[in-house]
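Residue numbers (our numbering), protein chains in the order written: chain A, 34 to 213; chain B, 4 to 304.
Please note that a few of the clues may not be correct.
To be verified - Derived contacts from chain A toward chain B, CB cut-off under 8 Å, selection only:
1) Leu83
2) Asn104
3) Leu106
4) Asn112
5) Lys168
6) Thr171
7) His173
8) Glu186
9) Pro190
10) Leu192
11) Asp206
Simulated from the structure, these hints should not be mistaken for lab results. Fair warning: this is a prediction, and the values are worked out from it, not measured in the lab. The beta-carbon is built from N, C-alpha and C at its ideal position, and this holds for glycine as well.
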Amino acid sequence: MKKSILTLLVICTAYISQAQLYSSTQSVISFFSKTPVEDIKADTKEARSLLNTKTRDVVFVIENTTFDFPNKLMQEHFNEKYMESEKYPMSTFKGKINEAIDLTEEGVYNVTVTGKLNIHGVEKERTIPGVVTVKNGTIHIASAFKVQLAAHEIKVPKLVIAKIAEEIEVKVDASLAQKK
Amino acid sequence: MKKTIYLFCWLLFSGIVSAQDDLLNMLSNETPQKPTPVYATFKSTRLVNLQSNETMKAKHLDFRIQHRFSSMNITKDNNYGLYDVFGLDGAVIRLGLEYGITDKLMIGLGRSTAGKTYDGFVKYQLLQQKTKGMPLSVVLFGNTGISTQAFADKNRQNFETSRLSYVFQTIITRKMNDYFSFILTPTMVHHNLVETKETPNDIFALGIGTSIKISRSTRFNIEYIPRLNGRNQPKNGDKPTYYDAIAIGFDIETGGHVFQLHFTNGNGLIEQQFIARNPSEFNLTQLRFGFNISRTFSFVK
């Protein structure tokens, strides 16, 4: 009897804990740099994200080399000269939704997320606004924010300084489903 | 009993209902560490004269200007080079359009002033160096050159096929780390028409070179292309007519452009010329200043 209760408990807890994890392996992250000389854009559809509906913790992981540029020369320079992807292969964000919202309830929530943004091996404390939409068992996260190159010690050589914006616009578009 | 269950429960929960770091670890552990292709072994599709392993990516066009001034001719007769401003009065040029059909296959067309030569080439990336696994990149290169210069002796029986020459190369490269890349290029050059009976139609050579990163936008390059046969043919008095090409240069990359500035004794801008028929020795008299300018256009929407 005791054993069966214990087993049930284990199964239950395991089930609950999984139930509160939402994940995506196909989150879309795009960025945009605008200067009078040149517009640069790139996106990846392979970012990974994980959300805990109970603790409202959220993390994103991007492999830098998955960013796809229309101009492959820019892609090469992005990895070689700016992100130094061999040294710093991942960009990450780990944070917590500040508002005490119930992510099991359907609805559209304007939120802010506070946490650590790690790009180019440099970690910055950030509070980022976003919209969380809970509908039909999926949680959609949308966000737009800016990243200052200097804040993450990404240096732009003088030769190309006119072509690359100091602030890069980043957009997040992720649909998370319950983790199986 | 209850206490134990609670404790057990709490332990379980604390293990699973975790902090952000654990979520991050969870995600990082799940992310498969795929071996990724090694990028930017060299700055450009050419080291100096030699082809590098780099190819134009799909739907990218490279407009390439290759320019070599005349030899510096630092001799007393020439007022120590000043009379011709160290060779700046003369030039040999190739204009080229080079295009990526796929990310691994590119073609190019060019026209050189030397010998009024048109050339077409195909370059195919057979193997690509990866961060894990594949240690080398191997690229195959072949070209055909057609000289359109009038035949020297019109009274002799001349064949149109005599205008043709071919090059085959296997380009083997390795990016050792962020700072050093190496290249080894076994080469065969075939000329349909050669100067003398003793001169081989096929010249074999082994291009070797290295590229050293100076900063994120600049590299320093050296290359040397020793020929393996026919080194003394044809003779020019006591001396051979042709010499091995050596080049030393810098790459300066400014986003869409790559400027390559160099000194070389290599004469001509396609392999059949600077590898097999280079009449200049490596000395201050015959060394020349040159540059390549590469401008890339992307046609990807």
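(request) Could you tell me which of the numbered hints above are not met by this structure, giving the numbers in increasing order? (result) 5, 6, 7, 8 and 11
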